[in-house]
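Assemble the whole structure, with the sequences as input and the hints as a guide.
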Amino acid sequence: FTLAHSKSSGTSGQAGVNGTLLDDGRLSWAVPSAYDDTSHNTNSASLGYLGQYGHLYTGYAYSKSHRQA
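Heads up, the sequence shown is in full-length UniProt numbering, so the first residue is 1 and it goes up one at a time.
Quick caveat, the hints were computed from the structure, so don't treat them as lab data.
Warning: the hint list may mix true and false statements.
Cut-off 16 Å, straight-line C-alpha distance, at most; resulting in silico cross-link-like pairs (EDC-like, lysine to aspartate or glutamate) [what the hints assert, rightly or not]:
{"#": "1", "residue 1": "K7", "residue 2": "D36"}
{"#": "2", "residue 1": "K7", "residue 2": "D37"}
{"#": "3", "residue 1": "K64", "residue 2": "D36"}
{"#": "4", "residue 1": "K64", "residue 2": "D37"}
Computed spacing ranges between beta-carbons, pair by pair [claimed, not checked]:
{"#": "5", "residue 1": "T20", "residue 2": "N41", "range": "21 to 29 Å"}
{"#": "6", "residue 1": "A4", "residue 2": "S44", "range": "16 to 24 Å"}
{"#": "7", "residue 1": "H40", "residue 2": "V17", "range": "14 to 22 Å"}
{"#": "8", "residue 1": "K64", "residue 2": "T2", "range": "18 to 26 Å"}
{"#": "9", "residue 1": "H5", "residue 2": "G25", "range": "30 to 38 Å"}
{"#": "10", "residue 1": "L21", "residue 2": "A61", "range": "18 to 26 Å"}
{"#": "11", "residue 1": "A45", "residue 2": "T2", "range": "17 to 25 Å"}
{"#": "12", "residue 1": "K7", "residue 2": "G59", "range": "32 to 40 Å"}
{"#": "13", "residue 1": "Y53", "residue 2": "N18", "range": "20 to 28 Å"}
{"#": "14", "residue 1": "G54", "residue 2": "H5", "range": "38 to 46 Å"}
{"#": "15", "residue 1": "N41", "residue 2": "S6", "range": "18 to 26 Å"}
{"#": "16", "residue 1": "H5", "residue 2": "L50", "range": "32 to 40 Å"}
{"#": "17", "residue 1": "G51", "residue 2": "S6", "range": "36 to 44 Å"}
{"#": "18", "residue 1": "G51", "residue 2": "G10", "range": "37 to 45 Å"}
A virtual CB, placed ideally from N, CA and C, is assigned to each residue, including glycine.
Below you can see the structure in the form of structure tokens.
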């Protein structure tokens, strides 16, 4: 968790949780969230898998102004 404030950019903060699943830890997940005075809340979620032949990653992000998958 972080929280900051400055005259020029106002207040901003970040918080989130993440971890791994499966016995070998090859499945990872994260759910971070951020706030600032300009874009307000930005939330996202991601899931990644480290396989034998590569890394598969998917994620979703949402903010007041846009959504992205």
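Tell me if the straight-line CA distance from K7 to D36 falls inside 16 Å.
13 Å, holds
Hint check: K64 vs D37, CA-CA at most 16 Å. Holds or violated?
With Cα atoms ~12 Å apart, K64 and D37 stay inside 16 Å; holds.
Just tell me: holds or violated, for the beta carbon distance of H40 and V17 against 14 to 22 Å?
20 Å, holds
Supplied distance hint 18 to 26 Å, evaluated on CB atoms of L21 and A61:
21 Å, holds
CB-CB spacing for S44 and A4 relative to the 16 to 24 Å hint
Distance hint for A4, S44 holds at roughly 19 Å.
Does the Cβ pair G54, H5 satisfy 38 to 46 Å?
Cβ of G54 to Cβ of H5: about 42 Å, so the range 38 to 46 Å holds.
For the pair supplied as a hint, K64 and D36, confirm whether the alpha-carbon distance does not exceed 16 Å.
11 Å, holds
How does the Cβ-Cβ distance of K64 and T2 compare with 18 to 26 Å: does it lie in that range?
Cβ of K64 to Cβ of T2: about 20 Å, so the range 18 to 26 Å holds.
Is it true that T20 and N41 lie within 21 to 29 Å of each other by Cβ?
26 Å, holds
State, for the Cβ atoms of N41 and S6, whether the hinted interval 18 to 26 Å holds or is violated.
19 Å, holds
Outcome for the supplied range 30 to 38 Å, where the beta carbon pair is H5 and G25:
Holds, since H5 and G25 (Cβ atoms, about 37 Å apart) stay within the stated range.
Beta-carbon spacing of G51 to G10 - inside the hinted bounds 37 to 45 Å or not:
Holds - the Cβ-Cβ distance for G51 and G10, about 42 Å, lies within 37 to 45 Å.
No hint from the list above goes unmet by this structure.
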